[in-house]
Amino acid sequence: MAEVAVGRADSFKARDRKVVVVEGIEIGVFRLGDDFFAWENRCVHMGGPVCQGKIINRVEERLAPDKQSLGYRFSPTEVNIVCPWHGYEYDIRTGCHQGNPLVRLKAVELKLKDGTVFVVV
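Under our numbering, the letters of the sequence shown match residues 87 to 207, in that order.
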């Protein structure tokens, strides 16, 4: 397996991504805070370019104790990537689909060395 440099860690903004092609595989590399994540740029649903989709906090419904809706809000902690083809949403940290956590993106190994982000393919 080869380690391929994607870029300097400090070249990624706090909530940023880069989509790169390494050995014929499109890979989305994401930064959330100080953490990095990498996924194959292929939606499980129909193969769309999921890593090029919108980055948005998960929408949550707030419920009263009697289960009545108090409205919706954006999650303060969960951040999703939304496939631009059909709207499938995946948690950027886990790669899991928000509706079915058994459905997930294919992870790509990442390494951070001396301030540089590498993918392992």
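Please note that the accuracy of each hint is not assured.
As the list claims (entries may be wrong) - Listed below are the simulated DSS-like cross-link pairs for lysine-lysine, each with C-alpha atoms no more than 30 Å apart in a straight line:
1. K104 / K153
2. K197 / K104
3. K199 / K99
4. K192 / K104
5. K99 / K192
6. K140 / K99
7. K197 / K99
As the list claims (entries may be wrong) - Label-pair ranges, simulated between beta-carbon atoms:
8. P162 / A88: 20 to 28 Å
9. D102 / K199: 16 to 24 Å
10. D200 / E109: 18 to 26 Å
11. V105 / Q154: 38 to 46 Å
12. E109 / R148: 21 to 29 Å
13. M132 / K153: 19 to 27 Å
None of these hints come from the bench; they were simulated from the model. All C-beta atoms, glycine included, are put in the ideal place defined by N, C-alpha and C.
If you check each hint against the structure, which ones fail?
Structure breaks hints 1, 8, 12, 13.
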